[in-house]
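Peer 1: First to last, the protein sequences are chains A and B. According to our numbering, the first sequence is numbered sequentially starting from 532. According to our numbering, the second sequence is numbered sequentially starting from 92.
In short, the hints are calculated from the structure, not lab data. Quick reminder that beta carbons are idealized off the backbone N, C-alpha and C, glycines included. Wrong hints could be hidden among the right ones.
[Claimed, not checked] Listed below are the simulated BS3-like cross-link pairs for lysine-lysine, each with C-alpha atoms no more than 27 angstroms apart in a straight line:
no., chain 1, residue 1, chain 2, residue 2
1, B, Lys373, A, Lys596
2, B, Lys370, A, Lys596
3, A, Lys580, B, Lys141
[What the hints assert, rightly or not] With the C-beta cut set under 7 angstroms, the calculated list includes, among others, these residues of chain A facing chain B:
no., residue
4, Val547
5, Leu554
6, Phe559
7, Gly572
8, Cys575
9, Ala609
[Said to hold, decoys possible] Computed list of chain B residues with no C-beta within reach of chain A, every gap over 12 angstroms:
no., residue
10, Glu99
11, Ile100
12, Asp253
13, Lys362
14, Ile385
15, Ser389
16, Thr401
17, Lys421
18, Asn454
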Amino acid sequence: MPKINVKICLGTTCYVFGASSLLLIEQFLDDHIKNQIEIEGTPCLDLCKQENKTNRPPFAIVNNKIIENATIETIIEAIKGKLNNENNK
Amino acid sequence: MKDEIFIEIHYSNIKKYNQNISGDHFLTKREKNNSRIISVLSDGLGSGVKAKVLATLTSTMAANYIQNFKDIKKSAKTILQTLPVCNIRKISYATFTIVEIKNKDVRIIEYDNPDFILTLNDKIIDINKKNLTGILNNKRKYELKLSQFKAQYGNRIIFFSDGVSQAGMGTKKFPIGWGLESIKSFVSEIIKEQPEISAFNLSEKIIRMAQRLDQNKAKDDITCGVIFFRKPRKLLFISGPPIDKSKDREIAEHIKNFNGQIVICGGTTSKIVARELGKKIKFNLDLNNIDPEIPPTSSIDGIDLVTEGTITLGKTVEYLEKYSNFSNIKSNPVIKLINILLNNDKIYFLIGTKINEAHQDPNIPIELEIRRNIIKKMISLLEEKFLKETELKFI
């Protein structure tokens with residue numbers, strides 16, 4: 532099974548809204564989940580610059596799902612969701 | 092561009108053993124864009140505070156006189172007459188070496204200091220000196236030595252106080268001190284081994300050797316200045332997306348045509364560069380070493396350093412303001428950027444002027460300054476505090 536890709540936006544705006552702490556997400560994951568994901572940083576995804584400013588930084592992307600106002604909890608939730616989907620296939 | 096010479100100047104000093112302050116003084120003045128440089132080394136009579144005062148006074152006066160008047164002989168005479176007189180010896184005394192560099196024309200005036208050494212790569216060059224003699228108001232004679240020449244690539248001017256030339260005096264190896272001839276061969280050996288040795292490293296090597304000859308207890312203040320004429324090391328500093336997308340291509344052209352180091356500060360800017368050059372961006376994530384204040388660097392093939400923009404730039408200015416020496420600070424993206432900045436002589440700033448709309452959000456928890464203002468502050472620090480040459484282009 533391919534690993535779940537977790538992208539964390541490290542653009543300036545996301546960083547000042549706390550993206551740095553999102554990089555520590557591994558510390559909050561069980562070992563068996565840790566092995567199934569890969570974490571990477573990405574330059575600004577431009578999500579903060581869209582016209583309809585309902586989107587809130589910081590942003591993360593779990594596989595293709597955009598998470599706005601991301602926290603460790605919401606990212607873990609998304610990862611678990613993806614894992615469940617995979618398992619149910 | 093081809094004829095450009097960068098003039099690197101450094102000095103090193105060790106004070107006399109058991110003294111609190113060095114009686115030698117070294118001073119450099121650079122006029123805007125290095126159109127004229129004046130360096131003075133002065134050795135005050137005796138040692139300690141009194142000597143320091145004499146030396147500081149002499150070198151400051153010398154630098155100011157030379158800067159404002161043309162007649163060296165007159166300036167030197169005035170200096171000699173102005174110095175306070177020593178009570179015991181009834182003489183006013185501080186020796187000096189003044190180096191004035193205007194474009195490539197070098198003038199050196201020496202008064203009682205050991206002769207300077209001129210090298211071209213590892214060869215010692217002999218210079219004809221003109222003696223200027225005169226009589227002071229108190230009937231004392233004085234003699235100055237004047238040398239004039241045109242500098243070229245690979246020239247080094249090495250000048251020092253007698254603490255260097257007399258180092259080791261009384262030892263079996265050097266009964267009358269290290270001496271000019273031995274110092275010349277020492278210098279030429281070092282340059283042969285390390286043809287690109289910086290002014291700083293060379294002056295350090297010379298004073299360390301002098302100190303060793305004095306059995307690590309310097310018998311006099313030891314000071315050595317080195318002036319090195321070399322090709323400038325150049326840096327292209329890119330930050331900020333251009334105001335108009337059609338100019339993206341221009342940034343890529345600048346990179347392709349540049350001969351030197353390149354840094355990019357800014358996520359969007361790095362994306363533009365990567366796209367235009369057809370390269371990938373990779374973040375250098377060390378998950379065990381995350382700094383909540385400074386975002387991590389990333390890499391693009393062919394670029395020496397890629398950092399985030401506004402936060403990193405703001406912190407860089409803060410560090411440049413606060414510190415002068417960065418070797419003891421733990422490495423982080425800001426320190427990496429500063430090391431590259433300080434390692435180069437001429438820095439070309441290519442600054443995009445597009446405003447980042449996401450930074451205008453009033454909810455942003457810290458103050459983010461406008462790029463143009465940060466860059467202006469950075470440039471003035473680099474020019475005034477760190478003596479760099481800069482060029483700024485907005486795009």
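Peer 1: With 12 angstroms as the threshold, tell me whether Ile385 (chain B) passes as away from chain A on beta-carbon distances.
Peer 2: Ile385 (chain B) not clear of chain A: closest Cβ-Cβ about 9 angstroms, inside 12 angstroms.
Peer 1: Assess, step by step, whether the Cα of Lys370 (chain B) is no farther than 27 angstroms from the Cα of Lys596 (chain A), and give holds or violated.
Peer 2: holds, 25 angstroms
Peer 1: Would the least Cβ to Cβ distance between Lys362 (chain B) and chain A come out above 12 angstroms?
Peer 2: violated, 5 angstroms
Peer 1: For Lys421 (chain B), is the shortest beta carbon distance to chain A beyond 12 angstroms?
Peer 2: Check passes; 17 angstroms lies beyond 12 angstroms.
Peer 1: Given a cut of 7 angstroms on the nearest C-beta pair, is the interface hint for Gly572 (chain A) held or broken against chain B?
Peer 2: holds, 4 angstroms
Peer 1: Regarding the assertion that Ser389 (chain B) does not contact chain A, is the least Cβ-Cβ distance greater than 12 angstroms?
Peer 2: Violated, because the least Cβ-Cβ distance between Ser389 (chain B) and chain A comes to about 7 angstroms, which does not exceed 12 angstroms.
Peer 1: Going straight from one Cα to the other, do Lys580 (chain A) and Lys141 (chain B) come out at no more than 27 angstroms?
Peer 2: Given that 27 angstroms is the threshold and the Cα spacing comes to 65 angstroms, the pair is violated.
Peer 1: Was Ile100 (chain B) rightly flagged as not at the interface, with every chain A Cβ beyond 12 angstroms?
Peer 2: holds, 38 angstroms
Peer 1: Far enough from chain A: is every CB of that chain over 12 angstroms from the CB of Asp253 (chain B)?
Peer 2: holds, 56 angstroms
Peer 1: Any CB of chain B closer than 7 angstroms to the CB of Ala609 (chain A)?
Peer 2: For Ala609 (chain A), the interface hint is violated, since the closest Cβ of chain B sits about 19 angstroms away, which is over 7 angstroms.
Peer 1: Within a Cα-Cα threshold of 27 angstroms, do Lys373 (chain B) and Lys596 (chain A) meet the stated pairing?
Peer 2: This hinted pair holds, its Cα atoms lying about 21 angstroms apart.
Peer 1: Would you say Thr401 (chain B) is clear of chain A, with no C-beta pair closer than or equal to 12 angstroms?
Peer 2: At about 5 angstroms from chain A, Thr401 (chain B) fails to clear the 12 angstroms cut-off, so the statement is violated.
Comparing the model with each earlier hint shows violations of hints 3, 6, 9, 13, 14, 15, 16 and 18; every other hint is respected.
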